[in-house]
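Engineer: One-letter residues, chain by chain:
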Amino acid sequence: MSTLTRALQRLSLTDLHSVPKFLIAVRMKKWVDKPEVGYGVSYRRKVHFPEEYTIKPLEVTNLGGRDPVTGRLVVKGIGGGIKHKYHWINWKREGPKEGPPKVERVIKIMKDGCRTAFIALVACENELKYILATQNMKAGDLLQISSHIPRIPVRPNEGDAYPLGALPAGTEINCVEKYPGLGGFLVHAAGTSAKIVRKAPDNHVIVQMPSKKEFLLHETCMCTVGKLSNAEHGSTPIGSAQKNRELGNRPRSGWWQRKTGRFGRKLRRLPPPKSFGGDGGDGVDQIKLTLAGLP
Amino acid sequence: MKLTHTLLRQHIGRHFKRHWWVQSKLTIRSSGLEEELKKRNIPIYKAENILKKETPTENIEIVGLKPQPVKRDRTHPNWNNRICYMLRDDNVLLEGLNQAKIITNTVEVKEGLPESIDLDQSIKGINRRVKEIILSSHLFDAQQEKLPKIKDPLRPAFNFPRTYGITQQRKYTLLISKLLQLIEVLVEPDVDLILFELSGDTLLTSSHPLKEIHGDDTTSIALPDIQPMKETISLKREHIYRLQNCYPIDLSIPKCHPHTLFVHYNPNEVKNIHEEEVTENQIYGRSLLKSFTAAASYAKQLHGENIKDLPKPVTLQCVHTDGRLFHFAILQLNTLDLTNTGMKNIWYQTERLPLFDSCSYIKGKPVLEGYNNQVIKHLLAFYNNI
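Line by line, the protein sequences are chains A and F.
No gaps in the numbering here: position 178 of the first sequence is 178 in the working numbering, and each next residue is one more.
No gaps in the numbering here: position 297 of the second sequence is 297 in the working numbering, and each next residue is one more.
Source of the hints: derived by calculation from the structure; they are not laboratory data.
Just a few of them, taken from the derived set where beta-carbon distance is under 8 Å, the chain F residues facing chain A:
1) K17
2) W21
3) K230
4) T232
5) S234
6) E275
Straight-line Cα separation of at most 20 Å, SDA-like style, residue types lysine to any residue; simulated pairs:
7) F/K151 with A/L58
8) F/K300 with F/T339
9) F/K178 with F/K377
10) A/K34 with F/W20
11) A/K85 with F/N159
12) F/K271 with A/P57
13) F/K236 with A/E125
Each residue gets a CB set at the ideal place from its N, CA and C atoms; glycine is no exception.
Here chain A stands alone, though its shape is the one from the complex:
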């Protein structure tokens, strides 16, 4: 009896450090934020990226419209189709800050099943990487990359990469960085290009997107010169229902929705140039408060 008392004396009540996971899953099941479409998450496929950049085509998991985290069905029209390996594109094209530009050679123009524009395998010294191919790019081309912004704008060739500030107004560009150093972010689709409109105060440049909206970007943002390849993609009909299934889209029907603006925007004045500001790094912190018994 005395040993039992002694044992009980040592016993103390503390909170559990971590609640077992299955408990959370059961209790919180009702309180999951439903994933929303249009915030940079792909519900078509999940790519298994390795730690280091590689040109080896990567394995993917097709999601069929499901959220990769919660597994909830988010998009209804996706599923099936041919599984394509993913070619990891190196979005960062950085050249020397001063001195002569870096030169890369195009090895091959290839087709990637996961995107609309063609891709180009380029080589420089010991490095091999993929970039988005421009319209007239072909194997053997030499591309120049520089991060230097000269006083007089450069005269670029197609496929070259320069900062926005180094290019003359009216240049067609693609794969534009949103924030300096982030990597090509805007204008990726086949046959599209943005246009440099004019310089703006405070080291900024106004760029017109394919949607005709104008963005105010920092002049050190890198971009590739030229229009993206495979321009016929947009005007090529899918052809048959079966072909659409091969592309991974499920059968659907729908009524004509006049007001969505899907088939052309209403003609009104463009909004003023949109500035993104900052370097894209200062995201606002969010904390989640917890209370026992409540979600």
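Please build the complex by placing chain F on the supplied structure of chain A, with the hints as guidance.
Structural biologist: Here is chain F on its own, set in the frame of chain A:
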């Protein structure tokens, strides 16, 4: 029913929960406090770090059924800080022959094979027997293995029925061994030759080394230029390696000298890193690297590990084949100093010659179409070259 207070009472727990779900997420806005504290050199700690209690984890060693594989990181016994560029059998050089020439410090003095190779040798009835060998190795062998999947790029959704038949490796082994056997039976060689199997490939060795072909100076012939790329492009960078030279035949054995190297190109195994088709030029580069490796390991065993310029050049013939197309080449190894701009190694090669156009069953009959007798002439010439 009478509307009573009890009846009208709502269950508000659900609303509380919903309200908490929305309001429990707080956005932290910067109040400028952090900068102010930093300015006054007051240390800032995160609240979680103070409240969190460290619980030491206990390592329990679980005895498994089989030993754990050695981790491929810094703790690996073969880890080196210096990066090694690896080229394995399943990879090819991006720039093909040009890149291989730079890596091995090799130049081509002239196109085609040297004059000392006599291509006009023929034996009566040899072509008929070669045709029999092709049919027997490509069609008549009894092996029934599951062959690789067939894919049609124009119809990607189509699943073809899986075929069973003779594997690439088997076809190659049968073809080369039978062709060599035929030549050995028909030709009476001046020196003894034996076969040696080397990781799936075949090495023909002789009792005397092959003679030197080209003795002139090669300083004036420049190596190809692949700017802006380096010669190590597309090679795999690895930290875990062990440098060693090994020539599998001991020099005390009488027939230790390499004569002809037979290399097998299997398109299902040998691939580019980006999984595109291997080009002809890349196959030529593979021949050069394979023959250089064999010749260099032989030379190192002959003259020691640190030999630079060889006192007597090593000559090695190479036959690279996928069972249908044959690539004939000769390497004369003059130096193992790969930065030497004066003395360079010398390479002779032919185009890829087809042994036949097609060999298959047509309407149930075995048919061999477009037989080319040049291949057996080249093989005879290589065999009789001493």
